[in-house]
Every structure is written in structure tokens, then in C-alpha cells.
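Everything in the sequence shown is counted per my numbering, starting at 2 for the first residue and increasing by one.
Just so you know, not all the hints are guaranteed correct.
As the list claims (entries may be wrong) - Under the rule of at most 20 Å between Cα atoms (straight-line distance), these lysine to aspartate or glutamate pairs were calculated in the DMTMM-like manner:
hint, residue 1, residue 2
1, K183, D233
2, K127, D227
3, K135, D28
4, K352, D340
5, K646, D631
6, K463, E443
7, K288, E236
8, K12, D262
9, K127, D116
10, K592, D631
11, K592, E547
12, K289, D233
13, K539, D482
14, K581, D636
15, K35, D485
16, K302, E318
17, K191, D262
18, K12, D28
19, K388, E398
Stated by the list, open to error - Ranges of calculated distance between the beta carbons of each label pair, as one might list FRET restraints:
hint, residue 1, residue 2, range
20, H365, M597, 23 to 31 Å
21, E638, H365, 37 to 45 Å
22, I497, K168, 41 to 49 Å
23, S142, Y87, 48 to 56 Å
24, T699, L676, 18 to 26 Å
Worth flagging that the hints you see were computed from the coordinates, not collected in a lab.
All C-beta atoms, glycine included, are put in the ideal place defined by N, C-alpha and C.
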Amino acid sequence: HGLPVELGVEKELGITKEDIGSKISIDDYNKACKESVMRYTDIWNDLTRHIGYWVDMDHPYVTYKPKYMESVWWLLKELYDKGLMYKGYTIQPYSPKAGTGLSSHELNQPGCYKDVTDTTLTAQFKLTEDSRKKLPLKHQSEDVYFLAWTTTPWTLPSNTALTVGKKITYVLVRTYNQYTFKPIEVILAKPLVEKQFGKRFKRVTTPQELQSYTSDDKQIPYLIVDECKGVDLLELRYEPLLPYAEPYQHPENAYRVIAGDFVTTEDGTGIVHTAPTFGQDDAMVAKKANPEVPPMLVLDKNGNPVPLVDLQGRFTEHMGPYAGRYVKNEYYIEGEAPDKSVDVELAIQLKTENKAFHVEKHQHNYPHCWRTDKPVLYYPLDSWFVKVSEKRDRLYELNNQINWKPKSTGEGRFGNWLQNANDWNLSRSRFWGIPLPIWRTEEGDEELIIGSVEELITEMKKSVSKGLMKQALFEDFILGDMSDSNYDKIDLHKNIVDKIILVSPSGKPMKREADLIDVWFDSGSMPVAQWHYPFENKELIDKKLERQADFIAEGVDQTRGWFYTLHAISGMVFDSVAYKNVISNGLVLDKFGKKMSKRLGNAIDPFKTLDTYGPDAIRWYMIGNANPWDNLKFDLEGIDEVRRKFFGTLYNTYSFFALYANLDGFTYNEPDIPLKERAEIDRWILSELHSLIKNVTTSFEDYEPTKATRAIQFFVTEHLSNWFVRLSRRRFWKGDYAQDKIAAYQTL
Numbered sequence: 002h003g004l005p006v007e008l009g010v011e012k013e014l015g016i017t018k019e020d021i022g023s024k025i026s027i028d029d030y031n032k033a034c035k036e037s038v039m040r041y042t043d044i045w046n047d048l049t050r051h052i053g054y055w056v057d058m059d060h061p062y063v064t065y066k067p068k069y070m071e072s073v074w075w076l077l078k079e080l081y082d083k084g085l086m087y088k089g090y091t092i093q094p095y096s097p098k099a100g101t102g103l104s105s106h107e108l109n110q111p112g113c114y115k116d117v118t119d120t121t122l123t124a125q126f127k128l129t130e131d132s133r134k135k136l137p138l139k140h141q142s143e144d145v146y147f148l149a150w151t152t153t154p155w156t157l158p159s160n161t162a163l164t165v166g167k168k169i170t171y172v173l174v175r176t177y178n179q180y181t182f183k184p185i186e187v188i189l190a191k192p193l194v195e196k197q198f199g200k201r202f203k204r205v206t207t208p209q210e211l212q213s214y215t216s217d218d219k220q221i222p223y224l225i226v227d228e229c230k231g232v233d234l235l236e237l238r239y240e241p242l243l244p245y246a247e248p249y250q251h252p253e254n255a256y257r258v259i260a261g262d263f264v265t266t267e268d269g270t271g272i273v274h275t276a277p278t279f280g281q282d283d284a285m286v287a288k289k290a291n292p293e294v295p296p297m298l299v300l301d302k303n304g305n306p307v308p309l310v311d312l313q314g315r316f317t318e319h320m321g322p323y324a325g326r327y328v329k330n331e332y333y334i335e336g337e338a339p340d341k342s343v344d345v346e347l348a349i350q351l352k353t354e355n356k357a358f359h360v361e362k363h364q365h366n367y368p369h370c371w372r373t374d375k376p377v378l379y380y381p382l383d384s385w386f387v388k389v390s391e392k393r394d395r396l397y398e399l400n401n402q403i404n405w406k407p408k409s410t411g412e413g414r415f416g417n418w419l420q421n422a423n424d425w426n427l428s429r430s431r432f433w434g435i436p437l438p439i440w441r442t443e444e445g446d447e448e449l450i451i452g453s454v455e456e457l458i459t460e461m462k463k464s465v466s467k468g469l470m471k472q473a474l475f476e477d478f479i480l481g482d483m484s485d486s487n488y489d490k491i492d493l494h495k496n497i498v499d500k501i502i503l504v505s506p507s508g509k510p511m512k513r514e515a516d517l518i519d520v521w522f523d524s525g526s527m528p529v530a531q532w533h534y535p536f537e538n539k540e541l542i543d544k545k546l547e548r549q550a551d552f553i554a555e556g557v558d559q560t561r562g563w564f565y566t567l568h569a570i571s572g573m574v575f576d577s578v579a580y581k582n583v584i585s586n587g588l589v590l591d592k593f594g595k596k597m598s599k600r601l602g603n604a605i606d607p608f609k610t611l612d613t614y615g616p617d618a619i620r621w622y623m624i625g626n627a628n629p630w631d632n633l634k635f636d637l638e639g640i641d642e643v644r645r646k647f648f649g650t651l652y653n654t655y656s657f658f659a660l661y662a663n664l665d666g667f668t669y670n671e672p673d674i675p676l677k678e679r680a681e682i683d684r685w686i687l688s689e690l691h692s693l694i695k696n697v698t699t700s701f702e703d704y705e706p707t708k709a710t711r712a713i714q715f716f717v718t719e720h721l722s723n724w725f726v727r728l729s730r731r732r733f734w735k736g737d738y739a740q741d742k743i744a745a746y747q748t749l
């Protein structure tokens, strides 16, 4: 299940998400997804055997099988019954190119935040005439503006408020607009004046110096006139910056100054452009305002409230000359993006309208979709959530029961993540995955969550009796029969279960909530779902014989992924840990310490490397070169060195033994020669061997495989080869087959 499969199939079929259901049926699409999942099974099984993974390939768990999906439904119902699931219309990370919302832990996968250079803009929001009269700052002209900075100019048409800090000091500054050269008076935070005005401007102290300015002057003068606190600016009103639309509800409460605790004087202007449809903080502060600031939602052709940007990332028809334009050039098909992005064109427009104070290119960190590698938007979505925030303290406590290697990852990276865990957005607007097992009435006042196939069949029969369905699905399914052949008769995917209409307690029809669940919930369910719990193997799970893994290992990035979802689900449903010991692997980098990439040409082909060096040398090199939790600088010359120095030495030692043992006919048939009768060097090497066994065992028990590997390597190359074999050669060479020679053979 999941985005990787779906996006791969879309590429293979030459379609986009919008084509599913029109150019290709959901049935055929899901069939193609299922086929693609199993297409490379043989290749992966071969690699697994070749490289020596310890995996039960004869009994794999497959997340698209009905048994697995049923167990996931049961887990969801457990969370629902505990009051840990809710539906909310909130601002969430959204990937237009994938066509689905993302969870906070998906957004924190490695590489999701990238340094990008965007057009940034400090906009001039003009005070209304009434607010100018109420302004507690000395001003002279009609052109008084609030300055607000944004790194996303495409959100400016959706602005409905400006947010200030109550205790921050703001100043009124007289100056000239650097693009139109018109005299203006602007308001911004006092600590940010120098940063905003920069080298293009110079501060003056008298009105005369200000009035003597001409557009030919190299620097523009500015004069600080008056100051006040942010609390004095609250409820002042301003004119819409880009009046292409107005909120469909309560527009009279929009375009005013409100207060927010998140406003700082670190950058920008100390006045925050607030677009509640496209920002989490924006939506929160707008909702807290009294009266509430409306989000910029407009009515579409069908009378439904929608943002000014659609789900594909394009401006809607309400946006005049910008209608149909993607808000990010990255959303265009390669080669079709215009030279000037929407951000650039909006900046040009605002410059000509005397509404742009400053425009520049700015490098900042921006989130990208972990699968499409395209920018995400923060977007209003109607989603189902798991209330992780309610259990975060308990999840943090449970984490203390886990043995982390290294400990710092568990206490730091993972522990910090748990302490600040957000509610988990489960909803995914896709097709190939586990459907949300929730049916709701159209009004949303009644709902039912299904936790088993038996429960679904029972509810379908009720629906048939009420005339809402002509015939129930899964009629040939035998309740209580847990055989694979019985479960193979049914399919719980979206294209099937969306046909099911259930009846509410009051007799209303209920349709399934359209979304799937986050594929990370699939993977986090595996400790119980692979056993089809609680429908089978109940004793194994209830007695913790199979639910808690003794040991797991994955990349350190999985502190935001699999490690987290395993822990969250187990903690919230069972109030216990999902695993006892964990190694968080570091990254495999190139030999210069850079991330491997096909684009950079520094990636290593694993199949070719295996064919060239063999799996043993590769495994030994990787585990011996660096601790598993440290990043490894992967160098093919290092593998060659391991093969030569360690495996070559071990092989040569064995060859030496085999050569003389065959010549002498040694087969270890003689009784063991007592240690006290053997040579001192025999007793020494055996003592070193037993010390090695003890140290290696301790290292493995402490999850320190690199220590164990290095100890073995030192023993073979130094103690065994350089000392024992070298100093014992004459004992093997000499002609008489007596006790000393036999002792040497037995020792080696």
C-alpha cells in the first residue's frame, strides 16, 4: 500500500490522480497497483537470500490481504472507542502532486525540508479612513500603511487579518516607496526598522531632510515619527490588498488587526500577514479573535465553500488574470512552467500599485513531499485524526522502557519528538490503501466505525432489511472460518467497500468516509496485524509472546516513521511498548561523506557490488567499519581491504592447516591432549580464544556488533596468524607425527 506504489503505477500508465475514476476505473487502477507490488518479489527474495537477511520469506505479512486489513480496522476501532479519534477541519500539510494530505511525521522525513530561493515581499496594507482617525500615532497623510513580510506571496489574495504582538513597540515612519517614489507613512516593529530599511535607505532626524529628497538621490530618507505598543493597534482596519474575492461568511469581520503570541521581532516587520486558509498559526489566531476572523473561503459553482487555491495547487476562477495558474512553478509538467512564477507576477503588480515596500529573493527552508519531491502547501482539509497529544506523556514514559542504541537517539531525537507529538492526521485522499472503516450520515450527526468483517456483514444485513442496499456483499464468506481460502473471497479496498451503504440508529443512510488511512498506520500495526489479532493467535499477543519485538533495527530517520508509528499504536491501544531493543542505523554515504544520489553519480549499485565482492565481505566491512548508528563512508577499496586482510588471512590460515593435516592424515581421531601437556603457545591462543568468545558474546548482548567484529578481526589477523601460526610453523613441518604435532593440530 501507499504513495510509492500509486505514483509508480500512475507513471507507468501515463495518468494523473485526476484520471482515476474517469480514464481508468478505480477497480482497474487498484488491480494494477496490486500487480505492481508483487512484480519484483522474486528479485527481492533473491537479494534477501544473497545478502543474508534473517527473514521468514515463506510466511511474509502482506498489508493488502483482508486478514491484515481487518486487524488494522480493529485497532482503529479500539482507538475510536477510547475517545482517541476525531474528525476536524484543520490546516494540514498537503501535497498537490500526490493529491493527499500528509502527517507531521511524514513531513519530518530526511530531506523533506529543502533550502529554496523564493520571491519574498514586504507588502503595504493601507489603513481605512476611519482607522487613520483612530490611529494612536502622529501621521500627516492619507497614505498610511502597515508593513507585513511574507515568503509566500501567492497567499496574499487570501489575507484576512494582520497579527501583532501586544507588548511589542511599533513605530510610524515617514519615507518614500522605492518603486513609485511616492511619499508614504508606514508602521512596523521598532527593533526591525534598520533590517527592513537596509542599505537603500538612510535615517534622517528632521522633516526638512525628508522633504528635500528627489528620485535621483542614491538613498531614500526615512524619519521615525512616533511609537506605541501593539495593543494600541488592535482592531484597526485596512483595505484588502488584492481584492479579487471576499470571504463568503462574515466579511465584515475581516481585514483588521488582531493579537498573536507567536509574533516576534527576529525577522520580517513584527506584523504578520495572516491567511487562515493556508497557515496553522494563522487559522488558530483567527479563530481565537473576537469576533472570529473569517478564512478566505469563497463559493464554487455548486455553492460549496472553497479556498482560492484548488487541490491541484491552482488559483480558482475567482482570481481574475491568475485563474488556473499554479501557485508553485514546480507543479507544472516539465517544460511547461512560465518564466515568471505567480509570486513574481504578484510582486510586479503590487509594485505598480504602490503596495510593495520591498521585494527580494530569499533563501529559506521549505517543506517538500517525501514521495513526489515537490513543495507542499498548508491547506484546509477535512480529516480524521488520532489524538496523540492526549497520550504523549504516557508515550514518553513508555519510551524509558526501551533500550536504545545509541541511548542519545532514544532520549534526544525520539524523546523530544514524543514530547511535542501532534495529533496524527490519518486521512489520505488516495485509492490503494486501507479504507477508513467509518460510515457517516450526510449531516454528520451519526456515525459508525467497523472493527471486523463480521460486524460489517451484520450491518449490511440491517441495511438490506431497511431497503438501503439490494443485496449484501460477501454473502459467500463463512463467519468463523479463519482459513486463507475463506478470506480470499472478500476484498476490503476502496473500490469495494464504497459500494456499501449502512443504516444509522435513526434509520438514515450512512456512506463511508471517502479517505484511506495513512500507510504508516499500516506499518505500525504489524506486531498484531501480521497475526490477524484478535481474530486469531489471541493468546500469543495477549501474553506478549509475539507483540513485543526483542529487537528491531532501521534507519535513524524512522524516529519520525516506523519507530514512531509502532510505539504510538502499541502505547495507545495496549499501553505497552512494541519493541524492547532498537538500533537506529546511520546513513550510508559515499567515501567523501556525501549523500549518495543517482543525480550526483556517486551511488553504488548494490547488485553489482554483491557480484563483485560477495555478501560476506560487504557485511563484514559495513559492520566493522563504523557503529551501526554512525554514518558510514562507503568505500569499495575498504571492502577489498577487508577481503584481503581478514578473509584472506582466515582462508590462508585454513589452507595452511588443511595442507599439513592432509599430508599427515590428521582427522582428529586421537584423544584430546590435556591442556597442561600442550605447549605454552597452545595454552595462550586457547586462552585468547575463550576471552574472545566472552567479549564477543558480551558485545552482542549489549548490541555492540562493531566491537564484536573488530575483536574477531584482531584475533584472526594478529593472535592467530601473526603469532600462533607463524611461531608454530616448525611444529607442523617436522616429520614425526608425535604429541606436540598432534597438539598443534588440535589447537588450530
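Unmet hints by their number, sorted upward, for this structure: Of the numbered hints, 1, 3, 5, 8, 9, 11, 14 and 22 do not hold.
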